[in-house]
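Engineer: For reference, the chains in residue letters:
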Amino acid sequence: MEKRSIIPMSEKYWQYLSDESKMLGEAESISFPESEEEVLKIVAKMRKDNIPITVQGGKTGIAGCAVPLRGHILNLSNMTQVKAFIKTDTGDRLLKVSPGITLLELKKTINKLKDKEELFWPPDPTEASATVGGIVSCDAKGICSYLYGDTRNYIEQLRVVQSDGTILEVSHEEMDKYIGGEGMLGILTEITLRLQPKPKEIWGISFFFENKHDVLCFAQELSKKEQNITGACVAAIEYMDRATIDIIQERKEMMTKLQELPDVDTEICAMVYIEIHGNEEESVEQIAEILMELAEMHNSNADKAWAVSGDIEIEKMRAFRHAAAESTNLLIEKTRQEEPSITKLSTDMCIESESFKTIVTKYEEDLKKEGLKACIFGHIYGNHLHVNILPQNDKEYKKGHALIEKWAKETALKKGKIVTEHGVGKLKKNIFLKTASREIINKILVLKNRYDPTRMWNPDNMIEE
Amino acid sequence: MIKIAVCIKQVPAYSEGEMDPKTGVLLRGGLTSVLNIYDLPAIETALRIKEEKGGEVDVFTMGPPKASDVIREAYAMGVDRGYLLSDRHFSGADVLATSYTLMQGITSVSHYDLILCGKQTTDGDTGQVSGALAKWLNIPYINWVTKIVKLEKDSIIIEQMMENEEVTIKTKYPCLVSVEQSIFIPRIPSLKLKIAAKKKEIKVLSLSEMQDQNKNHYGLRGSATKVEKIFPPTKVKKRPIVHKTGIEAASDIFKIIQQIK
Numbered sequence: 075m076e077k078r079s080i081i082p083m084s085e086k087y088w089q090y091l092s093d094e095s096k097m098l099g100e101a102e103s104i105s106f107p108e109s110e111e112e113v114l115k116i117v118a119k120m121r122k123d124n125i126p127i128t129v130q131g132g133k134t135g136i137a138g139c140a141v142p143l144r145g146h147i148l149n150l151s152n153m154t155q156v157k158a159f160i161k162t163d164t165g166d167r168l169l170k171v172s173p174g175i176t177l178l179e180l181k182k183t184i185n186k187l188k189d190k191e192e193l194f195w196p197p198d199p200t201e202a203s204a205t206v207g208g209i210v211s212c213d214a215k216g217i218c219s220y221l222y223g224d225t226r227n228y229i230e231q232l233r234v235v236q237s238d239g240t241i242l243e244v245s246h247e248e249m250d251k252y253i254g255g256e257g258m259l260g261i262l263t264e265i266t267l268r269l270q271p272k273p274k275e276i277w278g279i280s281f282f283f284e285n286k287h288d289v290l291c292f293a294q295e296l297s298k299k300e301q302n303i304t305g306a307c308v309a310a311i312e313y314m315d316r317a318t319i320d321i322i323q324e325r326k327e328m329m330t331k332l333q334e335l336p337d338v339d340t341e342i343c344a345m346v347y348i349e350i351h352g353n354e355e356e357s358v359e360q361i362a363e364i365l366m367e368l369a370e371m372h373n374s375n376a377d378k379a380w381a382v383s384g385d386i387e388i389e390k391m392r393a394f395r396h397a398a399a400e401s402t403n404l405l406i407e408k409t410r411q412e413e414p415s416i417t418k419l420s421t422d423m424c425i426e427s428e429s430f431k432t433i434v435t436k437y438e439e440d441l442k443k444e445g446l447k448a449c450i451f452g453h454i455y456g457n458h459l460h461v462n463i464l465p466q467n468d469k470e471y472k473k474g475h476a477l478i479e480k481w482a483k484e485t486a487l488k489k490g491k492i493v494t495e496h497g498v499g500k501l502k503k504n505i506f507l508k509t510a511s512r513e514i515i516n517k518i519l520v521l522k523n524r525y526d527p528t529r530m531w532n533p534d535n536m537i538e539e
Numbered sequence: 111m112i113k114i115a116v117c118i119k120q121v122p123a124y125s126e127g128e129m130d131p132k133t134g135v136l137l138r139g140g141l142t143s144v145l146n147i148y149d150l151p152a153i154e155t156a157l158r159i160k161e162e163k164g165g166e167v168d169v170f171t172m173g174p175p176k177a178s179d180v181i182r183e184a185y186a187m188g189v190d191r192g193y194l195l196s197d198r199h200f201s202g203a204d205v206l207a208t209s210y211t212l213m214q215g216i217t218s219v220s221h222y223d224l225i226l227c228g229k230q231t232t233d234g235d236t237g238q239v240s241g242a243l244a245k246w247l248n249i250p251y252i253n254w255v256t257k258i259v260k261l262e263k264d265s266i267i268i269e270q271m272m273e274n275e276e277v278t279i280k281t282k283y284p285c286l287v288s289v290e291q292s293i294f295i296p297r298i299p300s301l302k303l304k305i306a307a308k309k310k311e312i313k314v315l316s317l318s319e320m321q322d323q324n325k326n327h328y329g330l331r332g333s334a335t336k337v338e339k340i341f342p343p344t345k346v347k348k349r350p351i352v353h354k355t356g357i358e359a360a361s362d363i364f365k366i367i368q369q370i371k
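In the order they appear, the protein sequences are chains U and X. All residue numbers for the first sequence refer to our numbering, where the first residue is 75 and numbers rise by one. All residue numbers for the second sequence refer to our numbering, where the first residue is 111 and numbers rise by one.
Rather than coming from a laboratory, the hints here were simulated on the basis of the structure. Be aware that one or more of the hints could be misleading.
Computed cross-link-like contacts, BS3-like style, restricted to lysine-lysine with a CA-CA straight-line distance of at most 27 angstroms [what the hints assert, rightly or not]:
# : chain 1 : residue 1 : chain 2 : residue 2
1 : X       : 257       : U       : 378
2 : U       : 378       : X       : 310
3 : X       : 257       : X       : 113
4 : X       : 339       : X       : 309
5 : U       : 188       : X       : 176
6 : U       : 522       : U       : 483
7 : U       : 186       : X       : 345
Please model the entire structure based on the sequences and the hints provided.
Structural biologist: Here you go:
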């Protein structure tokens with residue numbers, strides 16, 4: 075791969091015209107800088123020639139943020155430096171990294187840090203090949219945000235290359251516009267992460283249900299009351315319906331990690347995966363017992379519930395949950411080969427004003443009415459579900475698109491979030507612009523005019539020009 | 111009713127462990143440990159046999175007190191009893207001393223119809239302990255087992271995968287069977303059993319519980335092999351492909367080994 079240069083686009087670089095959204099774009103040139111200095115040189119050249127830049131990380135996004143529609147592609151995947159590990163006087167553990175480091179590389183790096191205690195970085199979205207820059211830009215959170223909260227809690231500082239070629243150091247207090255900003259205001263060239271002590275005990279439990287009513291009531295109970303006790307907390311509560319389980323299991327052969335897991339019984343209609351984190355083993359067990367009782371009350375067989383602990387076993391459980399998104403992406407890609415108009419068609423909405431049961435039932439009824447196939451998985455807390463519509467042809471794709479637009483309007487009316495952690499990008503722009511309040515859109519435009527008046531960054535993302 | 115013993119081992123989870131340069135023994139302190147992945151299908155096989163025919167499944171492991179963690183993991187899968195063979199005289203054992211200790215431990219507890227082992231461990235990696243244990247117990251030994259064909263009252267019919275052929279073998283109990291990883295996908299521990307596992311008793315067997323209490327037969331002292339030298343393998347950058355007959359290749363490999371030594 076050529077480095078340190080602006081390379082004209084050619085067939086060789088076709089893979090950089092798409093990401094996991096399965097959109098396909100076009101560009102005039104591409105570069106793979108390894109340092110901030112190189113980024114500055116490329117930006118200066120593009121500014122001089124008036125060429126807009128689309129920034130890429132791991133290309134794992136599903137809203138098409140990293141898909142170029144014109145101009146230059148600035149791919150940051152070679153900016154993988156770990157610059158410093160800092161222990162502050164106040165006891166904070168900070169890690170300065172370049173934006174192209176992947177989640178997988180970051181985990182390995184943190185495991186090798188010489189520190190008295192084991193550390194980790196709490197944001198943990200599905201794709202281990204996602205870059206830290208991409209995670210920050212999309213405000214991706216992962217399954218344990220139930221306990222650890224927003225990604226911004228774990229970022230101390232940012233370094234940003236601005237459209238005028240200057241560098242801005244952004245402190246924790248001022249970084250909100252960049253977190254989830256989808257690269258619309260500048261290029262992140264350095265991110266200081268705030269690491270946390272790793273819990274000594276982590277349990278992963280999967281409860282299985284034969285009856286839809288039971289699982290939905292169980293999920294509702296879970297989201298209503300906290301099961302935390304001193305020394306341990308519930309960190310993740312995830313839902314997967316039967317269609318999701320089937321899609322994952324159909325792809326087992328291609329996913330080594332999943333081959334170590336037995337098949338889920340055919341009579342199971344849905345599962346709930348719960349993670350408990352803590353430093354006291356007894357406290358973790360106490361929560362597990364409370365959850366077991368609750369699950370049994372809703373007719374889940376505790377003898378058949380999977381329960382694991384330890385990094386390696388937990389990784390297997392997470393691999394299963396993470397495979398939900400990966401498997402649907404592969405399925406969309408397969409359909410797309412027959413029908414090129416099809417792209418990823420999924421929701422990232424969050425409605426807290428209604429019950430989990432009401433929301434899932436509504437999604438299922440609407441899908442049935444439209445005759446569309448789909449799988450539903452996601453975070454029970456906050457009713458943040460990812461409905462993945464699986465169209466077989468262009469007609470179904472259009473129907474699916476219209477259905478998501480309808481759900482977005484309904485969510486907006488109920489004061490829910492339309493886009494929570496996947497980004498708006500290009501794929502959800504229309505829905506976002508139709509449903510977001512004028513106030514939010516104006517705020518974005520004001521920031522854009524201030525930080526990117528010449529429209530250098532990520533053209534066609536998020537807002538209409 | 112069939113009485114089954116399964117031999118299991120706690121091994122380092124990752125390959126970053128260091129060896130004592132003097133004794134050649136793996137330094138296990140501070141390493142994350144797990145139940146040997148090849149032992150899981152052996153436990154699964156035992157549990158399936160129990161579920162089909164009734165009976166009891168016990169596990170045996172040798173190691174420091176911390177090794178009791180793998181017994182608890184086996185309990186969470188459905189194992190009935192666990193025995194930890196732990197004594198300072200047992201440490202540093204090679205294949206010979208390990209298999210001897212296991213034989214002493216197993217025979218001190220009960221008479222088992224079937225003894226199951228995984229194909230190898232991920233640390234020692236010899237794949238020899240099961241065969242040696244069968245020899246000490248003086249019972250039939252079948253390894254590379256990929257299928258349990260039939261369980262009869264006094265015998266078991268199994269399929270063994272040889273290099274180029276599948277062999278069906280019938281053998282009487284007691285016998286020792288070493289299973290391949292592919293025999294079954296091991297079950298995930300059950301929540302109910304995992305919670306119960308914490309409270310379940312683990313019987314510790316030390317030298318004083320063994321019939322043979324001669325400490326020279328155990329651990330480093332009872333080992334027939336002594337590590338002469340430990341060194342990391344030389345990193346070879348070039349990997350040329352050469353085409354030779356089996357005899358020529360074996361002769362060349364032998365020469366290379368001699369040079370390294």
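Engineer: So which of the earlier hints does this model not fit?
Structural biologist: 4
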